[in-house]
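2 protein chains.
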Amino acid sequence: MIIDCHGHYTTAPQQLADWRDRQVAAIGDPTNAPDPTELVISDDELRESIETNQLRVMDERGSDLTVFSPRASFMAHHVGDVDVSSTWARICNDLCHRVATLFPRRFAMGAMLPQSPGVDPTTVLPELRRAVEELGAVVVNLNPDPSGGHWDSPPLTDRSWYPVYETLVELEVPAMVHVSTSCNPAFHTTGAHYLNADTTAFMQLVQGDLFADFPTLRLVIPHGGGAAPYHWGRFRGLADMLGKPDPEELLRNVFFDTCVYHQPGIDLLTDVIPSESVLFASEMIGAVRGIDPRTGHHFDDTKRYVDATPNLTDAEREAVYESNVRRVYPRLDALLASQGR
Amino acid sequence: MIIDCHGHYTTAPQQLADWRDRQVAAIGDPTNAPDPTELVISDDELRESIETNQLRVMDERGSDLTVFSPRASFMAHHVGDVDVSSTWARICNDLCHRVATLFPRRFAMGAMLPQSPGVDPTTVLPELRRAVEELGAVVVNLNPDPSGGHWDSPPLTDRSWYPVYETLVELEVPAMVHVSTSCNPAFHTTGAHYLNADTTAFMQLVQGDLFADFPTLRLVIPHGGGAAPYHWGRFRGLADMLGKPDPEELLRNVFFDTCVYHQPGIDLLTDVIPSESVLFASEMIGAVRGIDPRTGHHFDDTKRYVDATPNLTDAEREAVYESNVRRVYPRLDALLASQGR
Numbered sequence: 001m002i003i004d005c006h007g008h009y010t011t012a013p014q015q016l017a018d019w020r021d022r023q024v025a026a027i028g029d030p031t032n033a034p035d036p037t038e039l040v041i042s043d044d045e046l047r048e049s050i051e052t053n054q055l056r057v058m059d060e061r062g063s064d065l066t067v068f069s070p071r072a073s074f075m076a077h078h079v080g081d082v083d084v085s086s087t088w089a090r091i092c093n094d095l096c097h098r099v100a101t102l103f104p105r106r107f108a109m110g111a112m113l114p115q116s117p118g119v120d121p122t123t124v125l126p127e128l129r130r131a132v133e134e135l136g137a138v139v140v141n142l143n144p145d146p147s148g149g150h151w152d153s154p155p156l157t158d159r160s161w162y163p164v165y166e167t168l169v170e171l172e173v174p175a176m177v178h179v180s181t182s183c184n185p186a187f188h189t190t191g192a193h194y195l196n197a198d199t200t201a202f203m204q205l206v207q208g209d210l211f212a213d214f215p216t217l218r219l220v221i222p223h224g225g226g227a228a229p230y231h232w233g234r235f236r237g238l239a240d241m242l243g244k245p246d247p248e249e250l251l252r253n254v255f256f257d258t259c260v261y262h263q264p265g266i267d268l269l270t271d272v273i274p275s276e277s278v279l280f281a282s283e284m285i286g287a288v289r290g291i292d293p294r295t296g297h298h299f300d301d302t303k304r305y306v307d308a309t310p311n312l313t314d315a316e317r318e319a320v321y322e323s324n325v326r327r328v329y330p331r332l333d334a335l336l337a338s339q340g341r
Numbered sequence: 001m002i003i004d005c006h007g008h009y010t011t012a013p014q015q016l017a018d019w020r021d022r023q024v025a026a027i028g029d030p031t032n033a034p035d036p037t038e039l040v041i042s043d044d045e046l047r048e049s050i051e052t053n054q055l056r057v058m059d060e061r062g063s064d065l066t067v068f069s070p071r072a073s074f075m076a077h078h079v080g081d082v083d084v085s086s087t088w089a090r091i092c093n094d095l096c097h098r099v100a101t102l103f104p105r106r107f108a109m110g111a112m113l114p115q116s117p118g119v120d121p122t123t124v125l126p127e128l129r130r131a132v133e134e135l136g137a138v139v140v141n142l143n144p145d146p147s148g149g150h151w152d153s154p155p156l157t158d159r160s161w162y163p164v165y166e167t168l169v170e171l172e173v174p175a176m177v178h179v180s181t182s183c184n185p186a187f188h189t190t191g192a193h194y195l196n197a198d199t200t201a202f203m204q205l206v207q208g209d210l211f212a213d214f215p216t217l218r219l220v221i222p223h224g225g226g227a228a229p230y231h232w233g234r235f236r237g238l239a240d241m242l243g244k245p246d247p248e249e250l251l252r253n254v255f256f257d258t259c260v261y262h263q264p265g266i267d268l269l270t271d272v273i274p275s276e277s278v279l280f281a282s283e284m285i286g287a288v289r290g291i292d293p294r295t296g297h298h299f300d301d302t303k304r305y306v307d308a309t310p311n312l313t314d315a316e317r318e319a320v321y322e323s324n325v326r327r328v329y330p331r332l333d334a335l336l337a338s339q340g341r
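The listed protein sequences correspond, in order, to chains D and E.
Numbered continuously in the numbering used here, the first sequence closes out at residue 341.
Numbered continuously in the numbering used here, the second sequence closes out at residue 341.
Treat each hint with caution, since some may be false.
Which residues of chain D face chain E? A few of them, derived with a C-beta cut under 7 Å, are [as the list claims (entries may be wrong)]:
| no. | residue |
| --- | --- |
| 1 | Trp151 |
| 2 | Pro155 |
| 3 | Ala186 |
| 4 | His188 |
| 5 | Thr200 |
| 6 | Tyr230 |
| 7 | Gly233 |
| 8 | Arg234 |
| 9 | Gly237 |
| 10 | Leu238 |
| 11 | Asp240 |
| 12 | His262 |
| 13 | Val288 |
| 14 | Gly290 |
Take a look, some chain E residues computed to stay more than 10 Å from chain D by CB distance [claimed, not checked]:
| no. | residue |
| --- | --- |
| 15 | Pro34 |
| 16 | Asp35 |
| 17 | Ser86 |
| 18 | Phe103 |
| 19 | Gly136 |
| 20 | Pro155 |
| 21 | Asp213 |
| 22 | Arg252 |
| 23 | Glu316 |
It should be emphasised that the hints constitute simulated quantities derived from the structure, not laboratory data.
Cβ atoms here follow ideal geometry from the backbone N, Cα and C, with glycine treated the same way.
My request is simple: use the sequences and hints to build the entire structure.
Encoded structure:
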């Protein structure tokens with residue numbers, strides 16, 4: 001079984017963006033804010049948006065199930081205040097829940113959180129609980145920089161984040177550390193901000209001691225861990241200089257996905273990072289949608305690279321495709337078990 | 001001949017840090033600012049600080065010449081105003097000039113620029129000219145984020161940077177794109193901020209069209225290009241989506257150094273990036289100073305990785321060690337030629 005642990009609902013019907021535009025236009029003018037009930041998308045529209053996009057591509061490439069969360073670049077936690085984010089997160093999570101309900105064997109839900117810059121992270125807890133306990137989310141996306149590229153939040157190891165981790169541990173869901181759109185002109189969203197966030201988060205974890213306090217917390221760093229595997233020697237050397245354990249010890253709690261869009265990158269990832277800590281993912285339909293003229297295949301068809309890498313045994317490859325993610329996402333494992341899978 | 005294009009004077013005598021402490025303490029209180037003439041370091045002290053450190057390591061590892069610029073993390077352009085930065089840059093550049101003068105066959109000078117957050121980049125031009133024309137700098141370090149981790153400068157493709165590029169082109173010196181200390185607690189300086197800056201700068205260049213305006217400008221992106229080579233497929237795919245040329249076309253003007261501190265990283269770099277665009281460097285004595293217990297050698301002994309990689313022919317390896325940097329740094333080539341090398 002092939003599980004893609006990182007997909008976003010990037011293809012939602014136009015009504016969603018239209019509703020969001022109205023919500024954003026009404027910031028500071030709440031009497032004109034649209035009501036969530038004014039967003040009407042039929043099941044048929046949802047089905048079509050999935051069947052012609054993600055599901056088609058999954059079938060073409062041979063993946064069985066995608067963990068499916070709201071579009072990362074649309075989370076835009078820096079837009080509006082915590083109330084704006086809360087309403088928006090509910091709407092986006094509800095849509096992912098509906099997709100997972102319509103295609104119960106093909107999609108499992110991931111959730112976004114209603115973060116807002118400078119706001120106490122405890123404000124996300126009600127939606128986190130709702131998404132997991134009522135909607136069935138098996139993972140949540142945690143944004144280490146809700147400001148959208150100004151990086152004015154404390155590191156992920158800061159105690160202000162602890163209530164989120166306590167709830168994640170209690171609910172047995174991992175978090176994927178995933179930023180949203182950059183509103184900083186220095187950072188291209190998917191070409192710089194995403195990768196920088198991955199690198200930054202990993203180094204924060206190297207510097208800190210988070211998993212001493214949360215030994216069962218699991219964090220997924222997407223996009224192949226940003227720059228970390230390529231610079232694994234640097235991270236090992238810095239950890240040594242900081243008097244911290246070898247970063248490999250973090251990999252009991254930290255996992256990298258395979259959203260690396262060429263063969264040499266996947267070869268490096270699977271050479272450097274123990275296979276138990278690598279989770280298959282493509283992020284399709286996402287940041288990079290084109291076909292590589294050198295290969296004739298989509299850049300984000302990461303299954304081809306994972307299949308082709310000489311650095312995994314068959315058993316390790318199976319683990320990257322299935323058993324690792326079932327171990328790291330216990331609620332996904334329970335869901336699949338309930339389906340007899 | 002083996003040329004290390006990326007070394008910093010990280011081992012200057014204590015008087016330098018003491019003088020800087022006094023300068024920083026007097027910010028806002030200029031009557032107490034120390035005079036540059038109060039910094040006294042003898043030639044013998046300079047010699048010793050080099051012979052026991054960089055020169056010893058160069059001899060141990062077998063490199064012939066290091067391009068040697070002021071300590072990157074000490075540039076700290078965010079500290080004080082443009083006058084503070086200007087005085088500090090002059091002092092640091094003068095010291096590197098003295099080192100290159102004391103060891104003319106082992107060190108060539110690189111310069112820092114007196115950047116300051118929010119200040120027009122034209123203010124760096126006098127020191128840039130002085131460093132090149134009077135002190136003999138063969139490269140300058142250009143900080144894309146003088147704020148130290150707040151990233152409030154426009155992208156490197158913005159026209160406000162153009163006077164710097166015009167002067168670099170006129171003087172025939174490349175710039176190494178290199179940030180300084182992070183004062184943002186989200187970013188570890190050498191484990192996140194440096195790598196993020198490399199990735200960010202490269203993506204800015206992918207988005208822009210800088211080399212159409214400056215076809216002979218050359219920019220070196222250190223630390224193996226940040227995350228760019230590991231995510232080369234992502235950058236190629238994003239360039240395609242943005243309607244930009246394949247990023248490989250940038251590599252006529254953009255060069256990556258070999259400051260990647262493990263064998264798989266150097267293998268990826270030399271697999272993905274054409275060897276003409278790779279410049280040997282170690283950044284020693286720099287960010288990572290320890291010995292890798294797995295190999296018994298220093299993490300930053302990058303010559304071992306370059307020697308061992310199967311991805312370079314002997315001719316390509318020679319180019320990475322010498323001829324590429326002589327081509328990219330014409331003033332270094334002229335200096336070496338004047339020495340009969």
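Hint check:
1. Trp151: 4 Å, holds
2. Pro155: 6 Å, holds
3. Ala186: The hint holds - Ala186 (chain D) has a Cβ within 7 Å of chain E, the shortest such distance being about 4 Å.
4. His188: It holds, given that the least Cβ distance between His188 (chain D) and chain E is near 5 Å, below 7 Å.
5. Thr200: For Thr200 (chain D), the interface hint holds, since the closest Cβ of chain E sits about 4 Å away, which is under 7 Å.
6. Tyr230: Hint on Tyr230 (chain D): holds, closest Cβ of chain E at ~4 Å, below 7 Å.
7. Gly233: Holds. Min distance 3 Å.
8. Arg234: It holds, given that the least Cβ distance between Arg234 (chain D) and chain E is near 5 Å, below 7 Å.
9. Gly237: 3 Å, holds
10. Leu238: 5 Å, holds
11. Asp240: OK, holds: Asp240 (chain D) within 7 Å of chain E, min 5 Å.
12. His262: Status holds, d = 3 Å.
13. Val288: Since the shortest Cβ distance to chain E is 3 Å, the answer is holds.
14. Gly290: This hint holds: Gly290 (chain D) lies near chain E, its Cβ roughly 5 Å from the closest one there, short of 7 Å.
15. Pro34: 31 Å, holds
16. Asp35: 35 Å, holds
17. Ser86: 24 Å, holds
18. Phe103: Holds, because the least Cβ-Cβ distance between Phe103 (chain E) and chain D comes to about 27 Å, which exceeds 10 Å.
19. Gly136: At roughly 31 Å from the nearest Cβ of chain D, Gly136 (chain E) sits farther out than 10 Å, so the non-interface label holds.
20. Pro155: 6 Å, violated
21. Asp213: Given a closest Cβ separation of 19 Å, the condition holds.
22. Arg252: 19 Å, holds
23. Glu316: 17 Å, holds
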